Every structure is written in C-alpha cells, then in structure tokens.
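Enquirer: Letter by letter, the chains look like this.
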Amino acid sequence: SQKIEQNSEALNIQEGKTATLTCNYTNYSPAYLQWYRQDPGRGPVFLLLIRENEKEKRKERLKVTFDTTLKQSLFHITASQPADSATYLCAPQGSARQLTFGSGTQLTVLP
Amino acid sequence: NAGVTQTPKFRVLKTGQSMTLLCAQDMNHEYMYWYRQDPGMGLRLIHYSVGEGTTAKGEVPDGYNVSRLKKQNFLLGLESAAPSQTSVYFCASSPPTSTDTQYFGPGTRLTVL
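Going line by line, the protein sequences match chains E and L. Quick note, the first sequence lines up with residues 261 to 371 if you use my numbering. Quick note, the second sequence lines up with residues -3 to 109 if you use my numbering.
Chain E with its partners taken away, still in its complex shape (with noise of 0.2 Å):
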C-alpha cells in the first residue's frame, strides 16, 4: 500500500537558520507533489507543487525537490522565523485525482 513518511513529528531550529523537512514515500510514483502549511486550530493551505520532470522548485525563502529516483521530497525554508512555526504537510498525488497526506512535520523556530 502507498506510504508516507515525514521524517519527524517535530523539528526546533533557531531563527535565521535553513529549516530542512523530507518526505519519503513508497509503492507509488506521483506525477506530482505539493507541500501545505498547517496552523493550529486552522485547515492547510497550499504552499508549492513540484512535478516529476521538474528537480527543483521556488517560491520566496522556500525550497523544493524532488528525487524520483529516492522517492523523496525535501522541504527548505531559509532564513527562518518565529512566523514560519507550523505544520507543514507533504502531499504526492495519489490515484484518481486524490491527494495522499503526510502526517506532517511541526515546525518551531526559536527566536
């Protein structure tokens, strides 16, 4: 069965640091692989997508790639800050139009 792991529940870093979150799946190959972010207490919000032909993907101080040959995805905010504490989930496209959650990686980034 398809499987997503998010490599830990939560991750500390200090403000100004590079935030570095994988996702690594198993038993399928999405076309494609979109991040969300989580705040307590609120639904996810779509943040990036990254195809299976693209590497590497863009946006602001956020980073993404995709390594089909690893399975993975890797998650990078740069230049962190107390704002960017959150969840963030991985979601690769599963079958028939349905995405596949990532129990997610909790964020915190110490001031």
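It is possible that some hints are incorrect.
[To be verified] A short, non-exhaustive set of chain E residues, derived as facing chain L with CB atoms under 8 Å: (1) Q294; (2) P300; (3) R302; (4) P304; (5) F306; (6) L309; (7) Q353; (8) Q358; (9) L359; (10) Q366.
Source of the hints: derived by calculation from the structure; they are not laboratory data. Computed from a predicted model, the values in this text were never measured in an experiment. No residue lacks a Cβ here, since even glycine has one placed at the ideal position from N, Cα and C.
Fit chain L to the supplied structure of chain E, relying on the hints for placement.
Expert: Using the frame of chain E, we list chain L on its own:
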C-alpha cells in the same frame, strides 16, 4: 470571496446520535472532499465528489454518507455516531485542473461521547 466554509465549528454528540456537517464553497470548484484528521495520522480522505450529483468513496468511508445536490455544497452525514468518529473534519475543494491543488475550510471539531 469567503472561500470554503464549514458549519458547525464545534459539536458534541452522544453515541448513536446523527448529524450533518455542511461545507460550502464560492469558488465554482468542481471537486470537493471530506477529510478527517487525527493526531499522528495525517489527513485521511472520507469521500469526495467530482461534480454536482456525484460522490465516491475515499480511504475511510465507513460510517459516513455524503451528498452533493448543489455544486457549491458538500454534506457529510453521520447516521449513528461512534466514539471512533471523534476527530477534526476538514472540507476542501479544487478546480478541475490536473494538479488538484486543494483549498481547505477551517474544520469542524467533533466529539462523540
């Protein structure tokens, strides 16, 4: 635009009671989804709809029913609530593109005693 709205925001039920959660979107999206989110388990798809009058089962459909009578509304029903259905429920919608970027509502926190 309000985006995706959900009613109610909170609800407490007793085992065996029934209720309906309402999701509404004003973005003219074709696709709508219902998820549940439990600690450590991520979002799990309950049911989804690819258009008015259509519904399909997701990963965890048992104990739930849905209806999409109008394009802008997607209803999730619990006929006989069980404690295992205590969760946070999210509705989402997406336009008919190939990449399914989803727009989520604020969630409904349901407790079944």
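Enquirer: Could you check the structure against the hints above and give me the numbers of any it violates, in ascending order?
Expert: 2 and 10
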